[in-house]
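Participant: Sequence order for the protein chains is E and S.
Just so you know, the first sequence maps onto residues 1 to 312 in the numbering used here.
Just so you know, the second sequence maps onto residues 313 to 578 in the numbering used here.
It should be emphasised that the hints constitute simulated quantities derived from the structure, not laboratory data.
Keep in mind that a hint or two might mislead.
Unchecked claim - Taking beta-carbon pairs under 8 Å as the criterion, some of the chain S residues facing chain E (in silico):
no., residue
1, R337
2, R416
3, I576
This structure is a prediction, so every number in the text was calculated from the model and none was measured.
Cβ coordinates follow ideal geometry from the N, Cα and C atoms, glycine included.
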Amino acid sequence: MVAARVESEAAVMIEAQHLTKQLGGRTVVSDVTFRCEPGTITGFLGPNGAGKTTTLRMLAGLAEPDGGEARVLGGRYRDLPNPGRRVGILLDAAAQHDGRRGREALALSARTMGVPAARVDALLERVGLDAAAARRRVGQYSLGMRQRLGLAHALLGEPEVLILDEPANGLDPEGMRWMRGLLRGFADRGGTVLLSSHLLAEVEAVADRMIIIGGGRIQAQGSRDELLATTGTLVEAADVAGLDAALRRAGLAVHPGDGGPRLVDAEPEVVARAAFDGGVVLQRLAPAEGAGLERLFFELTAESTHPEPAGV
Amino acid sequence: MSTIATRTAPLVAPVPADTTGVHARPGLGRLVGVELRKIVDTRAGFWMQVATVVLTAIVVAVRLLTGDAAQHTFAEVLSVGLKPAAVLLPVAGILLVTSEWSQRTAMITFALVPQRSRVVAAKLAAALLLALAVLAVSIASVAAGVLAAAPGADGTWSGAGTLIAQSVVYIGGGMLTGVAFGMVVLASAPALVALFALPIAVSGIVSLSFFGDVAPWVDTRLSLAPLLEEVLSGRQWAQVGTSLALWMVLPLLIGAWRIARRAIVV
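Build out the structure end to end from the sequences listed, making use of the hints.
Facilitator: Written out as structure tokens, the structure is:
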């Protein structure tokens with residue numbers, strides 16, 4: 001586990017303390033602890049079913065934790081008198097009434113939280129939904145359009161905090177770049193963003209901090225640079241068996257894999273010497289930047305897709 | 313890791329105690345307005361209200377164009393003319409609740425208003441206001457029809473005032489029963505089936521001689537029908553009370569408890 005760097009001086013906008021939740025006798029979130037600070041984008045990364053959505057629901061007061069505490073802006077979300085003006089939430093872009101027009105969906109929420117109707121039009125424009133799209137019923141929207149509507153909805157109350165569940169789902173590459181820019185700007189103005197994703201690349205591209213969750217537990221968390229700067233060396237050879245034997249002889253720890261590059265817990269020079277001593281010709285030798293993170297994430301994903309792997 | 317150490321230090325969270333201005337809790341009146349708007353701002357919701365008004369006009373017209381003139385009294389036409397509203401309003405009431413789950417907007421609604429009882433109260437008030445508005449339109453069409461068909465006959469308007477007052481209980485009770493069923497079931501189709509099939513099943517059972525004359529006390533189809541036909545006696549009012557307690561108040565309590573307690577997972 002990668003240690004988190006905790007800045008006790010900074011304000012805490014979102015905080016999960018030992019959050020635990022059982023659903024149907026299964027523990028879906030277990031002892032999840034993290035915090036998000038102003039001016040940062042935190043990526044909440046994990047395979048589907050890892051407990052991301054359940055955690056976000058507890059933060060938003062939609063589900064009650066069985067253990068631990070979820071705090072937003074220093075208190076319980078439920079105790080915020082008009083939460084829409086402080087916390088923007090997008091838990092599922094598909095969750096809009098199909099028979100309602102896009103603009104009306106925003107106007108209803110604007111009315112609820114006391115936001116002038118003019119802001120609805122401004123936001124529709126900002127997220128790239130033109131007047132024709134705003135008049136259409138949400139049932140006719142593509143997932144990408146729903147995400148844009150959902151982002152507009154989250155930004156409606158001019159919040160300080162954004163909690164977004166899989167906001168990039170259904171966006172095309174151009175849409176993703178646009179969203180990254182939007183979130184970056186929000187954080188640079190002092191806002192706090194917590195967004196979840198099941199895609200490593202997506203989070204890597206935008207997050208300052210990352211929390212990796214698998215099987216309901218936090219597997220790693222820290223700043224993006226900390227998590228990406230894992231030590232080790234990636235090494236690859238045509239003669240895989242010879243390479244493995246050489247590394248073993250040198251007493252180096254090798255993370256198993258079937259074919260392809262090996263991740264070795266040693267500096268490149270040490271690995272190169274071991275290969276040289278073993279008479280193995282290398283095809284690739286490189287410091288393993290982020291490879292550890294990728295491997296961890298890959299293992300989590302593999303576990304979640306194959307809950308019962310074949311015996312050893 | 314220094315996580316443990318920082319736990320003991322007070323959290324420095326910039327949370328103003330400001331609960332005024334834009335951070336003030338939305339008032340109940342505003343929430344009722346939003347819920348009313350939700351009833352008619354979807355395609356299905358809008359056309360259902362239009363259908364209620366049009367069907368009422370058709371039913372009133374047919375009633376006045378058929379049968380003999382002696383039956384064209386306000387009371388006779390009213391008991392027919394309120395049927396479309398009596399059937400369709402509870403459906404709108406169910407959908408006002410269940411669409412939040414079937415269309416998954418409950419996540420938005422309860423994220424904006426985390427005090428769930430306030431949302432429930434706003435929905436009940438909105439349902440009642442809509443029922444009163446539709447009732448007013450229906451009564452107006454009945455009155456206009458009767459005026460046009462048989463304005464002068466003796467006894468045409470007898471009991472009109474009382475019947476209108478009683479129709480508020482009839483329509484309002486039906487509407488809230490619909491909302492209550494929606495709250496208990498939280499799914500459109502099963503709630504609709506329950507609303508229309510359960511009373512029939514229960515009235516079939518209680519009509520068995522074994523139950524003696526308990527039927528009018530528990531069967532809303534027996535207890536509420538007289539509201540549109542005659543001036544109720546004290547005993548009849550008591551029957552309205554017990555049957556509505558069973559079909560309206562009890563499901564409302566169960567439904568409110570359910571919404572307050574369960575996680576909003578849709």
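Participant: Determine which of the earlier numbered hints do not hold for this structure and return their numbers in increasing order.
Facilitator: Structure breaks no hint.
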